[in-house]
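J.: Each chain is listed here by its residues.
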Amino acid sequence: AQRVTQPEKLLSVFKGAPVELKCNYSYSGSPELFWYVQYSRQRLQLLLRHISRESIKGFTADLNKGETSFHLKKPFAQEEDSAMYYCARGGSQGNLIFGKGTKLSVKP
Amino acid sequence: DAGVIQSPRHEVTEMGQEVTLRCKPISGHDYLFWYRQTMMRGLELLIYFNNNVPIDDSGMPEDRFSAKMPNASFSTLKIQPSEPRDSAVYFCASSLGSGAFFGQGTRLTVV
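Read top to bottom, the protein sequences are chains A and B. Counting in my numbering, the first sequence runs from 1 upward without gaps. Counting in my numbering, the second sequence runs from 1001 upward without gaps.
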């Protein structure tokens, strides 16, 4: 089965500390991988996708095929980064499979 | 483009009533998804369409739930009859087959 695993339900850090949100996916060919962010009571927004190799709001994510991971990182967390973060992979039939999400709390 | 548009934003209804949620995808997108979000279960895929055809409805919880996509610019998710455990935020999303863009969601409360 195609799965996305986010092992941490909650991650709490202090402002200025580095952040790493973990994501592992089940191996199946060469999936497309994404990170979505959901601020309080808002819609999910696409944060970044692995094919773009971009940095958005200071976040980056590197695809590690050997470890089947796509961890999201930011060197210095800000309070406004507090949100739910979802890792997702493209399915074989055009669908999108989400992990359970990690709630990031950045404390002042 | 205004993005994915969902209506209503909020719906409060009594148990047993029929509820219809509506979605207008981004023009040109050929995939449409319906998700349900709750504290307990997180984000669940209910059903998705490709070119207006349902591809996978295995996430639809019960026969009380049904979804249609009569044309490329409109979809509905219907719950009949509604129950308190259906209370959740329902998101619609659309894509061109890579990633997806979400609507603001409909917050449904069944009392």
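None of these hints come from the bench; they were simulated from the model. Even for Gly, the Cβ is constructed at its ideal location relative to N, Cα and C. Don't take every hint at face value.
To be verified - Looking from chain B toward chain A, a few residues come up when the C-beta cut is under 7 angstroms (computed):
#, residue
1, Tyr1031
2, Ser1098
3, Phe1102
Unchecked claim - Result set (BS3-like, lysine-lysine): computed pairs, CA atoms no more than 30 angstroms apart in a straight line:
#, chain 1, residue 1, chain 2, residue 2
4, A, Lys100, B, Lys1024
5, A, Lys57, A, Lys103
6, B, Lys1024, A, Lys15
7, A, Lys57, A, Lys9
8, A, Lys65, A, Lys9
9, A, Lys57, A, Lys73
10, A, Lys100, B, Lys1068
11, A, Lys57, B, Lys1024
12, A, Lys65, A, Lys100
13, B, Lys1068, B, Lys1078
14, A, Lys103, A, Lys73
15, A, Lys57, A, Lys22
16, A, Lys100, A, Lys73
17, B, Lys1024, A, Lys103
J.: Does each hint fit the structure? Answer for all of them.
T.: Verification of the supplied hints:
The interface hint given for Tyr1031/B holds, since its Cβ lies 5 angstroms from the closest Cβ of chain A, which is under the 7 angstroms cut-off. Interface restraint check for Ser1098/B: the shortest CB-CB distance to chain A comes to about 6 angstroms, inside 7 angstroms, so the restraint holds. A least Cβ separation of about 4 angstroms between Phe1102/B and chain A falls short of the 7 angstroms threshold, and the interface hint therefore holds. A C-alpha spacing of about 26 angstroms is found between Lys100/A and Lys1024/B, which places the hinted pair at or below 30 angstroms, so the restraint holds.
Proposed proximity of Lys57/A and Lys103/A is supported: the alpha carbons are some 17 angstroms apart, at most 30 angstroms. Among the hinted pairs, Lys1024/B with Lys15/A is inconsistent with the structure: their alpha-carbon atoms are about 39 angstroms apart, more than 30 angstroms. Distance hint between Lys57/A and Lys9/A is fulfilled; the C-alpha atoms sit about 22 angstroms from each other, no more than 30 angstroms. Distance check on the hinted pair: Lys65/A and Lys9/A sit about 23 angstroms apart at the alpha-carbon level, within 30 angstroms; holds.
With a C-alpha separation of about 11 angstroms, the suggested pair Lys57/A and Lys73/A falls inside the 30 angstroms cut-off, and the hint holds. For the hint linking Lys100/A to Lys1068/B, the alpha-carbon distance of about 27 angstroms falls within 30 angstroms, and the restraint holds. Taking the CA atoms of Lys57/A and Lys1024/B, the gap is near 29 angstroms; set against the 30 angstroms cutoff, the hint holds. Between Lys65/A and Lys100/A, the direct Cα distance comes to roughly 21 angstroms. Compliance with the 30 angstroms bound is thereby established for this hinted pair.
At most 30 angstroms may separate the alpha-carbon atoms for a hinted pair to count; Lys1068/B and Lys1078/B meet this at roughly 8 angstroms. Annotation: proposed proximity of Lys103/A to Lys73/A holds, straight-line Cα distance about 14 angstroms (limit 30 angstroms). With a C-alpha separation of about 18 angstroms, the suggested pairing of Lys57/A with Lys22/A holds against the 30 angstroms cut-off. With a C-alpha separation of about 18 angstroms, the suggested pairing of Lys100/A with Lys73/A holds against the 30 angstroms cut-off.
The hinted pair formed by Lys1024/B and Lys103/A meets the criterion: a straight-line CA distance of about 29 angstroms does not exceed 30 angstroms.
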